[in-house]
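Chains A and B supply the protein sequences, listed in that same order.
If you're matching positions, the first sequence starts at 1 in my numbering and goes up one per residue.
If you're matching positions, the second sequence starts at 1 in my numbering and goes up one per residue.
Simulated from the structure, these hints should not be mistaken for lab results.
What you are looking at is a predicted structure, and each value in this text was computed from that prediction instead of being measured.
Even glycine gets a Cβ: it sits at the ideal position worked out from N, Cα and C.
Accuracy of the hints is not assured; some may be wrong.
To be verified - Taking lysine to aspartate or glutamate pairs in the DMTMM-like style, the calculated list, with each CA pair at most 25 Å apart, reads:
{"no.": "1", "chain 1": "B", "residue 1": "Lys595", "chain 2": "A", "residue 2": "Asp171"}
{"no.": "2", "chain 1": "B", "residue 1": "Lys595", "chain 2": "A", "residue 2": "Asp242"}
{"no.": "3", "chain 1": "B", "residue 1": "Lys595", "chain 2": "A", "residue 2": "Asp404"}
{"no.": "4", "chain 1": "B", "residue 1": "Lys595", "chain 2": "A", "residue 2": "Asp417"}
{"no.": "5", "chain 1": "B", "residue 1": "Lys821", "chain 2": "B", "residue 2": "Glu856"}
To be verified - Pair ranges (Cβ atoms, derived):
{"no.": "6", "chain 1": "B", "residue 1": "Pro690", "chain 2": "A", "residue 2": "Ala184", "range": "45 to 55 Å"}
{"no.": "7", "chain 1": "B", "residue 1": "Asn901", "chain 2": "A", "residue 2": "Ala184", "range": "14 to 24 Å"}
{"no.": "8", "chain 1": "B", "residue 1": "Phe512", "chain 2": "A", "residue 2": "Ala246", "range": "35 to 45 Å"}
{"no.": "9", "chain 1": "B", "residue 1": "Pro837", "chain 2": "A", "residue 2": "Ala184", "range": "30 to 40 Å"}
{"no.": "10", "chain 1": "B", "residue 1": "Ala896", "chain 2": "A", "residue 2": "Asp300", "range": "43 to 53 Å"}
{"no.": "11", "chain 1": "A", "residue 1": "Glu181", "chain 2": "B", "residue 2": "Asp461", "range": "55 to 65 Å"}
{"no.": "12", "chain 1": "B", "residue 1": "Gln312", "chain 2": "A", "residue 2": "His96", "range": "20 to 30 Å"}
{"no.": "13", "chain 1": "A", "residue 1": "Ala246", "chain 2": "B", "residue 2": "Glu318", "range": "56 to 66 Å"}
Here is how the chains run, residue by residue.
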Amino acid sequence: MTTNHKIFFLVFMLVTAVVTGCKKDYGNLNSPTEEDFLKNPTKDQLNNLVTGVESAMRNNIGLYLDDVGVIGREMYRFSTGDPRYTTDLLGASDAHLDPTGFYLTNTWASRYRVVKNCNLLINASAISTFVSDAEAKGYAGFAKTMMAYQLLLNLNLTYNNGIRTEVANPDQPGPIENYDEALASIATLLDEANGDLSGAQVAFPLTSGFAGFNDAGGLSKVNRGIAARVAIYREQWQQALDALQASFFDLNGDFSTGVYHVFGTGSGDQLNPAFFPRNQAGDVRLAHPSYADDIENGDDRSSKAALRSEPQSYQGLSSNHDVWVYTTSTAPVPLVRNEELILIYAEANIQLENLSEGEDALNVIRNAHNLADYSGAGTKPALLTEMLNQRRFSLFDEGHRWVDVRRYGLLADLPVDRPDDDVWEQFPVPATEQ
Amino acid sequence: MGMEIMFLNQNNPKTNKMRFLLTVFKGCIVLLLPVLSFAQNRTVTGVVSGSGNVPLSGATITVQNSPIAAIADVNGRFSISVPQDATLVISYLGYKTQTLQANPGEMTIQLEEDAGRLDEVVVTGLATSVKRRNLTNAVVTINAQQFNGISRAQTFDGALNGKVPGAYINSNNGAPGGGSSVKLRGVTSIYGNTQPLYVIDGVFLNNSATSSGINTVTLAQPGVRSSNQDNASNRIADLRPEDIETIEILKGASASAIYGSKAAAGVILITTKRGAQGKTVVSFSQDLGFVKARKLLGVRKFTAESAASLSQDPMQSERLRQQFLDAEAAGKIYDYEKEMYGNTGFTTNSVISVSGGNDKTSLFFSAGNREEEGIIKKTGYANKSIRLNLDHRINDNIKLSFSSNYIYSSADRGLTGNDNAGVTYGIAMSSTPGFAELHPDENGVYPRNNFANSNFLETRDKVINNELVNRFITGMNLDAYLLRSRRSYTKLVARAGFDFYNLKTDAQFPSFLQFQAVNKGTSIQGFTKNLNTNYILALVNNFQPSDKLSLTTSGGITQETGNFDNLLNVATQVIIGQSNVDQAGALTATQFRTKNQDNGIFIQEEAMLMDAISINAGIRFDRSSNNGDPSKFYAYPKAGVAWNLTRSGVLGDDIFQNLKLRLAYGQAGNFPAYGSKFTSLNVSNIEGLPGSVVSTQRGQAGIKPEKQTEIEGGFDFSILDGKLNFDFTIYSKKVFDFLILNSSPASTGFATQWLNAGDLRNRGIEIGLQAIPYSGKDIKWNTSVNFWMNRSKVTKLTVPPIQLGALAGVLIGTFQIEEGKSATQIIGLTDEPGFMPPIKVWGDQEPKFQMSSFNEVTYKNKLSLRLLLHWKKGGYNANLTNLQSDFGMTSPDWDADANANHIPDGLDRIMKIGSSAVTSIVNSGYFRVREIGLYYTIDNVPVNFIKGISIGASLNNFITITDYPSYDPEVSNFGAGFSSGIDAIPYPASKRAAVHLNVTF
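So here's chain A without its partners, still in its complex pose (with noise of 0.2 Å):
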């Protein structure tokens, strides 16, 4: 073998080792893709966004819960890492909200996260050939249901400077919709998801935050709550009690009758972020020093803002409440409960004038918080005053107070606890959205 012949051999074996070692694509190792749901998704796989779009609601809704709750003075939250809940959302000096703020952009994502998850799941379900029309119908109508009730949350952070409603092509997303605007798309989209509901049949699993309500009748229950409360904010008084009489409202019934978003500590589970224990220091949610200053002598809901062993204080703030709505680690936050129904119920008789059916619904609150009847005024105005005043004890750390002051122009009611502060009327659209 002459020596160019070694040579020769070497570098064919050398060639023959690139050329036939094949290319390597691994694909994605860690988790599924978009695409793997758009083939032909099976049973297993809708469930599987089902629980998704359950479980994603929960994400950064303490934040939410913060986020509404300081701005409308229900609480404080004070944060040794974090100033902006202090500064930005009460507006120290010369802060202002700020488009690229976590307190905005993280559950503001979250809420669109659910979103992108629900048109996911109601194409996934309408390609399926594994589910019955019956089954897909009712895969959209939870779906669209969940979407509206989660772009209903967004818009109450952002209000007239509204939120997109169609999102469902990430290339292509649709304008920013005023506030009206909006909750007529979000009005619409429940009626559609109703439509869904009627005839539907449930095959997938909910978790007890849904028991009673698991399957299309119940879900339709539920769409038609969601659907009073936007409403009452669009003023359509009697669309409101229409909606309420489809739903599960019963002015006799357990106020906690409800759905509710529940946590637990298996694996990949979340634990409620809006609970902190009682008398920490640091980082804690302590209630507006009004909160019991308003509340009336032997009312109950005096238990929601617990007596601290001392008072914390943080940039000139300081309350020696803690807020104490949410007790356990794993305590349920409602989505829509049977008490703001009767609220809205109240709201909605007392806005088309009848107003004793008005202020009966609103001592079937009072009575059941240990109160004697409503003794004050029985003028329209009188009456709202005490409906809003009941809306805030009653739904207290579940996202309303703020979004209710806004709705009959009260803002500059709420109390400002530093000569400097600002009490915020919306939130800015976040900046990637501009």
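Starting from the known structure of chain A, arrange chain B on it as the hints suggest.
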């Protein structure tokens, strides 16, 4: 030549298997058979000395064009077995290389000094090297003495700092076990890899930083289990500096193109010590020393009034006043900063090494043990390492080399850094006044801290946060001369290696801690297994048609693979005293894997004319499973030319010697991160039901690697007979299609999306001066001075400006990638008129320039003083650390009134937040006496089995002049990526002192 054949055959249809196996078989025979006849060997002896007849211990004697080598002993003596008619090459660092015929008798060789180290051999290809004098690029080489011979840096990469012109090296913080960022020639990538490729003896190293998942507790980045703020150390820190012989740094694509798509951020080639023919030398060295905080910020001195003013609530205010008065009366006012960060840590480092060999086989063995305490109690670092490097000559033509290294490292990192739960030491301290009582009572029960979410004394004493690594790095190298004639040789170079490590992260937060009230005990156990492999098969042909022309052709194939598997278990409701994740009420596990295979083909031609003009050109083709299209090859060409005007006779050499002009061009790439082409669905469970939820990161199916082109030019010359050497380099490095994780409108469900979004460029200058300013009979002074600067600019951006690396956006200061602007600009709010929106550029992370100087003064070749000075002019950090104590009303100057507006300065600064980032975006320039070492060598030891003793003392980071207000201007809360220079309550930086003893037997 060979390469033509290679390309002709590349498109061959698949050969059948039998034929292929036959070919392999024949190939193996070629490798194993002695190709050339054995020559008759004989032994040559001699002495190598430098100026003043000082013996040059460690000088290398090699036979030209062969793997035979020996090393001179303590007295400069050598003995080497050589073939007939052998030509010897004698080299020693800092001296000119001599080439001479081997003589039968005793040879006496005297080498001349060479300040510019022009005869040093520098690796320029995957299988080839040239002398420094013929380089077409500015390649930095750091020798063992500069690297580790002045003082002991905290980490391997930290020891490079101030020694590499063109580099921006920054420690993330002072935590034991390190964590550093090394950036060569400015911004390489924004979201991609910014760190150079490390290659040790041919093995591609993994330098990743794996998070321990403490984000679950600190919530530094809410909503995820692990984050880049978890203060992980990067794995290059495992290496032992003592084993290193030289480090070569290929700074940009023009030098590193042959490494293709892994080379965009530069390549750092590490060569470890090897044995050589000669007497066996056993050496033992021991360091003893201490570490202390480089600087403490101080604490606020409270009075009854200021204590009372901590609360607006009248009752609480009164209670605080009383608490202060009681504490004062009891003498219990504490300086908690000093108590936490004021520990003097003891350090010890022992290394034993054995080096020697005969004419066939040589070995280098070392074993080391290093233990260090941190400046915070209960933190520290341990590293144990064993290395065995073996070389064996099968015959005069074939040499096998084997390098192996086992490393054990363990770092107790403490709980520091950014945090949104108020639990890390610094954050909890920032709101805790000195009159609070946090010390345990007689039963060992720590009181609750009413001023923060954590009693940091308890956290320090009871929390575990450990990284434990077991690592094997093994490389094999085969050099086989296939053909050798008077005018030509052909060599096969085969190199393969692997880097395997197991990393265990262990973070434990017992249930009795103040901040574990909800989770009731957390144990985070992470298990990581990583395997990187690589091989290179190359053929090198050298052909010298005449004395005036030499041609070197090389070509071959490469493959690199990576396989990373991380399992992170987060257990909560942990039973007291237990750490196993099953001893818990709740357990959440996360697994993350990445896998890649990259293949490359390269060919390179180097020509040398009249030993004065060197020309090279090469190209590499790379594909990767991480690319959108895994089968597509991307090409990375390079070319360079250097013209030595004096050697070629264009200029006389009476004033200038070795005046050389050089120009080089090259391309390199940066692969996309694993998984960037997929839109994944994450798991999100509820009540035991498995849920899938679309990831907030949208994949990009067609993702491409980033591409970098670099052009570099310069000149070098020596004057005064090599006593002064000067080099000047200017470069322009352009990055095309840089990857960004673009913010999408969150309403699409995606927060981010990978995009090849723009172009940027870096331009810079590097100037070096090496001189021997004084060389007398007894005293010799060696010095080198380097100056370097870099400017970057984003030349194209297809998306709106992107903010990144922000702790709190423009409030504190954030990087903003913006077309037409420096890539590292830092913007923040301003209340100055004329800015709408009220945001301005406050500074730039890029220093204005850096300078460093290494000096060594020796007296009678026995006493040696070594000094490394480093000046970083300018450069800005976003600093939250000082503000954090303002927010907590504990900053030392809170009560001062520098601007005489009758408002405490602390309050002044807080009032600025929200309207101006003036207090948080700060100049981080410094002048640092980085390293000082004084060593004395005793070579005439009365005990005859001891050949030499060296003793020394050193200081590291002891003197720093800076206006920077926080702990240290070198800091990075976000680890080693693009966004360094974020200062968020770090583990404070340390200064180090040690004494050294080295005994040679």
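How the hints compare with the structure:
1. B/Lys595 <-> A/Asp171: violated (30 Å)
2. B/Lys595 <-> A/Asp242: violated (58 Å)
3. B/Lys595 <-> A/Asp404: violated (53 Å)
4. B/Lys595 <-> A/Asp417: violated (56 Å)
5. B/Lys821 <-> B/Glu856: Given pair B/Lys821, B/Glu856 is violated - Cα atoms ~41 Å apart, limit 25 Å.
6. B/Pro690 <-> A/Ala184: 45 to 55 Å: violated (36 Å)
7. B/Asn901 <-> A/Ala184: 14 to 24 Å: Violated: the Cβ-Cβ distance is about 53 Å, outside 14 to 24 Å.
8. B/Phe512 <-> A/Ala246: 35 to 45 Å: violated (52 Å)
9. B/Pro837 <-> A/Ala184: 30 to 40 Å: Given a distance of about 32 Å, which is inside 30 to 40 Å, the answer is holds.
10. B/Ala896 <-> A/Asp300: 43 to 53 Å: holds (51 Å)
11. A/Glu181 <-> B/Asp461: 55 to 65 Å: holds (59 Å)
12. B/Gln312 <-> A/His96: 20 to 30 Å: holds (23 Å)
13. A/Ala246 <-> B/Glu318: 56 to 66 Å: 58 Å Cβ-Cβ, so the 56 to 66 Å window holds.
Violated hints, in rising order: 1, 2, 3, 4, 5, 6, 7, 8; the structure is consistent with all others.
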